[in-house]
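Engineer: Use these hints to put chain H onto chain B, whose structure you have.
There are 2 protein chains.
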Amino acid sequence: MKITMAHGSGGWETSQLIENLFARYFSNPILDRMEDSAVVEGGARIAFTTDSFVVHPLFFPGGDIGRLAVCGTVNDLLMSGSRPAYLSCAMILQEGLKIETLENIVRSMAETAREAGVLIAAGDTKVVEGPGELYINTSGIGYMPEGRNIGASLCRPGDRILVSGCLGDHHAAIMSARMGIENEIRSDAAPLNRMVNGLFEAGVGVRAMRDITRGGLATILEEYAHACRYGMEIRQKDIPVSVQTRGFCEILGLDPLYMGNEGKMLLVVKEEDASQALEILRGSPYGEGAAMIGEVTTRHQGRAYVKTDIGGERLLSPLYGEGLPRIC
Amino acid sequence: MKITMAHGSGGWETSQLIENLFARYFSNPILDRMEDSAVVEGGARIAFTTDSFVVHPLFFPGGDIGRLAVCGTVNDLLMSGSRPAYLSCAMILQEGLKIETLENIVRSMAETAREAGVLIAAGDTKVVEGPGELYINTSGIGYMPEGRNIGASLCRPGDRILVSGCLGDHHAAIMSARMGIENEIRSDAAPLNRMVNGLFEAGVGVRAMRDITRGGLATILEEYAHACRYGMEIRQKDIPVSVQTRGFCEILGLDPLYMGNEGKMLLVVKEEDASQALEILRGSPYGEGAAMIGEVTTRHQGRAYVKTDIGGERLLSPLYGEGLPRIC
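Respectively, the protein sequence lines represent chains B and H. Numbering that gives the first Met the number 0 puts the first residue of the first sequence at 0, with every later residue one more than the last. Numbering that gives the first Met the number 0 puts the first residue of the second sequence at 0, with every later residue one more than the last.
The reader is advised that the hints may include incorrect statements.
Copies of the same chain look alike in the list, so a pair counts if it fits in one copy or across any two.
Simulated crosslink set (DMTMM-like; lysine to aspartate or glutamate; CA at most 20 Å straight-line) [as the list claims (entries may be wrong)]:
(1) K97 with E321
(2) K97 with E132
(3) K236 with E128
(4) K1 with E321
(5) K306 with E271
(6) K97 with E18
(7) K269 with E40
(8) K1 with E102
(9) K97 with E287
(10) K236 with E294
(11) K97 with E278
Treat the hints as calculated values from the structure; they're not laboratory data.
Chain B on its own, in the form it takes in the complex (with noise of 0.2 Å):
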């Protein structure tokens, strides 16, 4: 069975559809409401975000678009120390998609929902001309702790810099996808909560946090360079990157410094706190690879440089042209 374009009319095609595939898989007490609107609990401050997810193709080693759609922008409201609650998920199908893809997509949505403990609580579908795959759109709800206050501004000289693990991974898996390679590599696709809760309840001193996708480590630096004002110094020889995907990039001539991840995070935090942060990543789900990597500094003040291993220093830019279109 496959999308027809009834299938988005509104119509009676459209709520089977809803029944039998997404209301069986997304079920839940706000979403089995059925309205146009979820009716969910509020909180005094509420994080909310939206990310629209293209990949091609729907199915990599290591995930799929429904994966990636719910990691996305859970971890986008993770980043903004929000609690992530409720996701949307809006799906634009193209006529000819067949059901059982859109089926095993819904399902890695649904398990991945429940591993990053969100209900999706409202939904659309549409349905266009095109070549049968599809697109997903999820937007978040957060709640925000009172008083919990982080941002790229707040870097001050002597913060330490970390990753939450290897970089690159994602990016080198379309690609290799894509071209038809096989190899090892795996998306590293992952919904970071209990990462993040897990410096949170412990106290530590965060100053900021984004997770690293389109645009890589390298943009990210620069923006928040930019955003405090000071030096963001790392050093090459620290930067975690797989022996496949140093392989990978070394025969493509790749930067992992530039390449998108999905489950990955950059985190600046207060000297004195680093390593019992290092610490609670290595001990999370999906942060075994974590490392410090560099600091703020008072050089190179609104940039963001690397120490190469032979001692020089290189300033980095933001990611310049398309690196790889329809990655996430």
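Structural biologist: Frame of chain B, contents of chain H only:
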């Protein structure tokens, strides 16, 4: 200048597009923080909704995809009884889209958001292959006033059924534009804030309301009948349809009861408040064509039906088949 894959990279070109276009029109203190999640004021209960817009063509008499994307989500929030407050705006751009076209759409969104009194608080941009069009997802958050409780299941026999104006104009305008037919029909795309606020401020006993989009009035009435387990009776002769749209429908064999609208609502109110409600609708912007069209009955329980002009009765079904694809 045209959209290229680089505009979706998450790097320099993406940030230029955001700064030079999106931020210029959508600028507000929340969006300007440029974090991955917006942090906004919460409330005890909040409404949360999502909708993607894939309408073709992008511009049509009476509106464009940008105006639709704001109205659609604002109206969904309103229909839950909430006060719309924040929208997200996620764009999926096709390579080759003219920047000028995008700017016209963004400007239209900004103007409509201002009219509707909502802030655009979060955004995302992706670029995909395609013939140079775009899709827009808007998700929205609204505040639920305390004690407000409306829903289809609350309808009772004797309640009156109203619509806020002529049916079918959006559908007929889109169809005319696609078929290259020149006529006077314009889309009704409009935010219904003032109309809905008027009803609640006057203390009208609103049982349920729904904006009449894809699937048309018939599909909603069927859902309402199913939800409240009473009959939903409407009178053929009282259903408002403009002369132009009626003519268009007769030529093409279309039924306005199944046609999509983008600025019309169905309203079920207590019998004693019906004439006051009608007056408020008619006195509101976009409500001049409002009409009382029927009532909730104990006949044909669980079904919606039409009293025809010659005294017969016809049971309604939800829309089957595709209707008009990519109508919103």
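Engineer: Taking each numbered hint in turn, which are not upheld by the structure, reported in ascending numerical order?
Structural biologist: 3, 5, 7, 9 and 11
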